[in-house]
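Hey, can you piece these two chains together into the complex? The hints should help.
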Amino acid sequence: MRAGDAHERLAGTPSGDSDAKLVERTLAGDTAAFELLAIKYQRQVQRLIGRMVRDVDLVPDIVQETFIRAYRSLRQFRGEAQFYTWLYRIAINAAKRALLRKTRDPLDLPGEAMSPEPASETFSGRREPTTDETPESLLAAKEIAQAVNDALAALPEDLRQALTLREIDGLSYEEIAGVMQCPLGTVRSRIFRAREAVSLRIRPLLERLGSKRW
Amino acid sequence: MKDESRQAAERISALVDGQLEEAELAQALQDLRHNDAARRSWHAYQLLGQVMRSGADAVGAHDAQFVTCLRQSLQQGSRD
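Protein chains in written order, with the working numbering: chain A, 7 to 220; chain B, 55 to 134.
There is no bait here: all hints are sound.
Pairs of lysine to aspartate or glutamate, DMTMM-like flavour, derived with a Cα cap of 25 Å: (1) A:Lys27 with B:Glu58; (2) A:Lys148 with A:Glu213; (3) B:Lys56 with A:Asp164; (4) A:Lys27 with B:Glu78; (5) A:Lys27 with B:Glu76; (6) A:Lys27 with B:Asp90.
For the record, the hints were derived by calculation from the structure and aren't laboratory data.
Chain B with its partners taken away, still in its complex shape (with noise of 0.2 Å):
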């Protein structure tokens, strides 16, 4: 993983514990609005979380498809 790469995953661990700086956390929601690999750590790292205190329960696929159309429904909401 190249440094810019690795950082950015670092902060996203940080940001799964609530664990970041204002700027920090400025610049994670950036990452993760523009970055596929970093929505996937995001939920990788959700899911890991869940399935150590839940099992295999808490397993789940990210469904990229549903995030899209809630977007398109807030979007269209708040132009209403």
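Chain A extracted, bound-state conformation (with noise of 0.2 Å):
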């Protein structure tokens, strides 16, 4: 999949709300709002930067680079397009300054001198995908995506209905209760009980890939 594919994708999410909120959070000064967008992303991010930097060991550094200035130039951010666009686009930027870093001083690494994002962000070139991902990851992966679809096959329909609304379709609860007929503390519940079920099947999954390096 190609950066770009990945944007478009991601920006169908159902995700604008709750990032709306985080971003008010953090800019009231709660920086355990902006952690939670970074563990939501950090995944995204580091794969969209993965792509770009042929130097795995230059990812982390880029990574953390893209949230800080995210953090730091968040006053910039109007909401006009989703968090993770802006967020990708920051990224995209931070990785282009690293290899151009790298270019004058193959010594040099991310962060020198790091100053707030300019307001207008854009990207443009691509270059091949690259992945720093080994064969014991990728098949982690698809562990996991098959502990989640074994999970949501075993589970109740009304439970497997109102999470695929929610995550695929991006309905909110509002709009879920009618077409479930049911009240919104119900959709709320079910759609918890269905994502506590799945969690509970790749949990120890998670744990046990989280002991590697991903």
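What follows is the structure in structure tokens.
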């Protein structure tokens, strides 16, 4: 998958409301809210940068630089685009700067003389995709995806439908309540119970994965 | 799962969907700030949604060290 494909696909994910609230809380001084955004998008940013930068040892520092720049520039985020779209542009620019620095000075590292991100972010030009994934990590990813699908298939119909309407169709709780003809509180409870049932299946796999280099 | 933990996890699920009002949002962030289990739930809930939309490409471990380093950098930056 190319970087542009990821951008288009992620722009359609039902995460906008959640991200906007977390951005708002961060701007109000709650750094824990920004950490949640970092947990949420760390992997996607890492994959994006991994495709641009051929030196895998540089990736973690560029990911870190991306989030620090995003945090320092957050007041410039006006919510006209999805948060991830904005973050994606910062990540691309951070990767380009790192590549440029490496070209000028092979011993230089990301993060030097870091200034807030300019308000106008643009990205252009693509490199061929590269990844730092090992056969082992790819296998683990498939195993986890399979566990998610198996757990979803085993859910009672009402739980699976509520979660699918939310995650795939991007409906709000209010819209799901209308479709399923049930109270809002029931929608919230069904989605939670569905997530918890699936999570129970994948947590041991994630913990195993977390103990290895990814 | 105990009632209190269950309520906390349900709040996090609603937070994933951006469906919390201010008071519950503050409580959820408080849980996430102080509770590893809450952070693991946040990660797992995010991940399963991403897997539903994108398949195995979305899978990755929660890197607690990354978040710790980021927190230190942000704190350092705010002191400078």
